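Using UniProt numbering, you'd call the opening residue of the sequence shown number 1 and step up by one each time.
In case anyone wonders, no lab produced these hints; they're calculated from the structure. Watch out, some of these pointers could steer you wrong.
Said to hold, decoys possible - Here are the in silico distance ranges between beta carbons for each label pair:
hint, residue 1, residue 2, range
1, Gly91, Ile445, 40 to 48 Å
2, Thr234, Pro517, 40 to 48 Å
3, Asp418, Ala83, 20 to 28 Å
4, Gln311, Gln117, 41 to 49 Å
5, Ser390, Ser236, 45 to 53 Å
6, Ser393, Glu73, 15 to 23 Å
Quick caveat: nothing in here was measured; it's all calculated off a predicted structure. Beta carbons: idealized from backbone N, C-alpha and C, even for Gly.
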Amino acid sequence: MFEQRIWHVVMMGVLALAVAGCPEDEPVLSYSDFFEPWDMSPYEFDGQPMLEAPERLIFEDVAPGDVEVREAELINVGRTRLALFGIELEGPFDVDYPEFLDGLPGELMPGESILVQVSYQALTDEAVQGVMRVRTNDPQKEVHEIHLLANTDLPCLEVEPAEGVRFGMVARGQQVEREVRLRNCSREVETRVRVSSLEGDGGFRMSQQAAEEGQEHVLAAGETMLLGVSFLPTESRPYRGRLVLESNDLLVPERELALVGEGAPPVCPTAVIHAQGVEGQAQAAPQGQMVGRPLETIGLSGEGSRADDGQAVVAYEWTLVERPGDTQVQLAEVGDEAWRQLYLELVGRYVVELHVIDAEGTRSCEPARMVVDTRTDRDIHVQLVWDTPSDSSRTDRSGSDVDLHLLRDGPGARWNTDPWDCFWQNKTPDWGVPGDLRDNPGLDIDKVDGWGPENINLDQPEHGVRYRVGVYYFSDHGFGESFATVRLYLGGTLQLEMRRRRLTHHQFWEVADVMWPERTIEVRDRVLSDFPGF
């Protein structure tokens, strides 16, 4: 372990000398990784930038003299550079850019994002509203408005997907179901919503729950409901429709969602996924679901797929369409085109789709879709990931080294010291009852080349003990500052998420404490120049 770290330092020095002796080359930009189709509909290159940003930021009850901060992530989800011309604020709010000391950058490449922090210092407890306007070269919306609300709680509706529902290509006579998620984003007041209309050229239907004309649904604060939408084509042609929702959300009282689908030719091969994991096996024909464990590798086989009329399946198209936000894992080839492996790097949801092609070149009308929900059953599960802006690659063998620590607090306990700190030099300490492995923590992974993850698990915490979570920036390896995210799961449920804390070389972040068996969490969120006491 120590030798690996020294080797990284030596290699960084060699690379620096090599770069200094070579003429600068113009950077070569590739757009091949910027676009991944998420369904089977036809796509065309539109060559446009596109801004994705929230519609509002809500500051709940802010007492006079207090300051509250909210974050808005601006993402370029388009295909070309997104120019950022400026941000304007209306109202008693301030804006900051924690990732950029020089202020707002001039542009975002496809897939890049920036966090904008908006702060509000209350002078009174009266309600305040404002607007943040983001000016870009997005041809669809050159000015994106983010509404700012403080000391007020209005009805608030979030709709996902926000723009519309794509069903892709579906065999004639076959019904496909999709869901529209409605969430009351208000913290205190109810939000009312109803389906105003469902229009189009046939094929689209609402579920019975939402089909009654004018039926109003009342969502309590924070409540979520699902509206089912189905597509059943009867002809081989494109179908278009729109779903209109009305609510008492004063900022956006009407939402219009496009419905897009296509009736496929009647003869299509059928894709089937068979998955095998530690928890068992499952089949997607076309839908399937299974439970996985963190750091497990799932085996995936498409050999059960079949073509109609006795033809052979000659090609397999695998796609990982969904994964947790902080992982870049991909499906791994296993030598045979019909087989893949999926490494479950983080807790979260993974979705794999498979299309197959028969000997005549006919593609499956609908993909087989396997959902793998990765969960942890440990009493305490701590997850660390980090993002280093200067490190452009997650897959090479160089990067920053950030370490996760779990300290059993008590007499003699000291960070970065055996036996009461679980970290890369003390991965499986003997805590609790001597020789009993069940009450011992364990560090699953020690990543020394950037991004993470690192996980520490503890299955049977001791009663009356305080467990402390910390993060140490062991070495930046020349890549500079990094932004660390820690997630804390208790009994398999996410209880705390601390996102993108800025760290520099050798800084230590006191994250939070867990008291057992109370299962209470005390947030510390303090960054120090080194380990406490060093």
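Legend entry - Consistency of beta-carbon spacing, Pro517 to Thr234, with hint 40 to 48 Å: 59 Å, violated
Inset, instruction - Given the range 45 to 53 Å, decide if the beta-carbon distance of Ser390 to Ser236 lies inside it. - result: 51 Å, holds
Inset, instruction - With respect to the beta-carbon atoms only, verify the hint that Gln311 and Gln117 lie 41 to 49 Å apart. - result: 58 Å, violated
Legend entry - Supplied distance hint 20 to 28 Å, evaluated on CB atoms of Asp418 and Ala83: 53 Å, violated
Inset, instruction - Take a look at whether the Cβ-Cβ distance between Ser393 and Glu73 falls inside 15 to 23 Å. - result: With Cβ atoms ~22 Å apart, the hint holds.
Inset, instruction - For Gly91 and Ile445, compare the CB-CB distance with the range 40 to 48 Å and indicate the outcome. - result: 45 Å, holds
Violated hints, in rising order: 2, 3 and 4; the structure is consistent with all others.
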